[in-house]
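> If you want the building blocks of each chain, they are given just below.
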Amino acid sequence: MTDALYHKFVKRWEEVVDLPPQTVGPLTPLYKSAVKRLKVMPWPMLVIGSLFMVIGLYLLLGSAITLLVSILQRGI
Amino acid sequence: MGDLILTGVSFGRTLLGVTTRPYETYRRIIDRASLWELACITVLISIYCFTARIQVVAVVLTYLVTVGLFWLASRLLGGKGTLSGFMVGWGYTLIPTLIWFWGTSILYILVPPPRTTSPQGLLFSVIYLLFSATLLFWKVTLSYLALRFGLRLDLKKILIMSVIVLPILGLYSIGMYRLGVFRIPFL
Chain A
1 MTDALYHKFV KRWEEVVDLP PQTVGPLTPL YKSAVKRLKV MPWPMLVIGS LFMVIGLYLL
61 LGSAITLLVS ILQRGI
Chain B
77 MGDLILTGVS FGRTLLGVTT RPYETYRRII DRASLWELAC ITVLISIYCF TARIQVVAVV
137 LTYLVTVGLF WLASRLLGGK GTLSGFMVGW GYTLIPTLIW FWGTSILYIL VPPPRTTSPQ
197 GLLFSVIYLL FSATLLFWKV TLSYLALRFG LRLDLKKILI MSVIVLPILG LYSIGMYRLG
257 VFRIPFL
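Chains as they are written, first to last, in this note's numbering: chain A, 1 to 76; chain B, 77 to 263.
Read the hints as simulated data drawn from the structure, not as lab findings. There may be inaccurate statements among the hints.
Simulated crosslink set (EDC-like; lysine to aspartate or glutamate; CA at most 16 Å straight-line) [stated by the list, open to error]:
no., chain 1, residue 1, chain 2, residue 2
1, A, Lys8, B, Glu100
2, B, Lys156, B, Asp230
3, B, Lys156, B, Asp107
4, B, Lys156, A, Asp18
5, B, Lys156, A, Glu15
6, A, Lys32, B, Asp230
7, A, Lys39, B, Glu100
8, A, Lys11, B, Glu100
All chains, please: the whole structure from these sequences, using the hints.
What follows is the structure, encoded as structure tokens:
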């Protein structure tokens, strides 16, 4: 158990030395909180973010979003 | 043959990893920097290109241009990563792109455009945009990880680099559009 814990510590230490943790000044706690949710199973966050984006687009463009979708579908 | 199966299994595990645990998987991808995995991604993309009648060369060229631009910009900003690690890392960012192109192609056959403003048309549009935006955010996440671990850069430098590289990629995309290669670039 101690060995496993030690190896985990060494691995983490090497990671931190290799690439220092990211900080963004006073926004660091917010950044850490967002990133924590993206590190493992990010899909709920990705879908929620997309939902906000689509709602924003609908509020901005209204029914013209169908035009945007037609362009994207024809784009390939 | 055994090596091929092993590479396939390893690639499958990494694909699952970038889906469910992108952060630690990307650390592993960059550390290992296996160019065989890049070959697996190329095969997947080639299958799509063959099916959709897109030139594989154009996709590979776009990938090389993107990697080259980010690599050059990272050198200017003091990036310390390895080119092979970054190449493999960036290769995996093409997975969301590939899924989007497959999804859009299949939907083009099943529900061809144009979309109307009927309730069904609006509902489809909202679902399609949700699908597209989710994949876009996934792509952005993977791209950030590729730049962070592949080029050993912090957020500030990644943002500066994006300001330099993205307009050039925009111009490149317009050029490809004008040449009739892509309507939507396979970035």
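> Within 16 Å, alpha carbon to alpha carbon, are lysine 8 (chain A) and glutamate 100 (chain B)?
The given pair, whose Cα atoms are some 13 Å apart, holds under the 16 Å limit.
> Holds or violated: lysine 11 (chain A) and glutamate 100 (chain B), Cα atoms, limit 16 Å.
This hinted pair holds, its Cα atoms lying about 12 Å apart.
> Is lysine 32 (chain A) close enough to aspartate 230 (chain B), meaning Cα to Cα at most 16 Å?
holds (14 Å)
> Quick one, are lysine 156 (chain B) and aspartate 230 (chain B) close enough, alpha carbons at most 16 Å?
holds (11 Å)
> Does lysine 156 (chain B) pair with glutamate 15 (chain A) here, judged by a C-alpha cut-off of 16 Å?
holds (15 Å)
> For the pair we were handed, lysine 156 (chain B) and aspartate 107 (chain B), check the Cα-Cα distance against 16 Å.
holds (13 Å)
> Would the hint linking lysine 39 (chain A) and glutamate 100 (chain B) be met if the CA-CA limit is 16 Å?
holds (8 Å)
> Is lysine 156 (chain B) close enough to aspartate 18 (chain A), meaning Cα to Cα at most 16 Å?
holds (11 Å)
The structure shown violates none of the earlier numbered hints.
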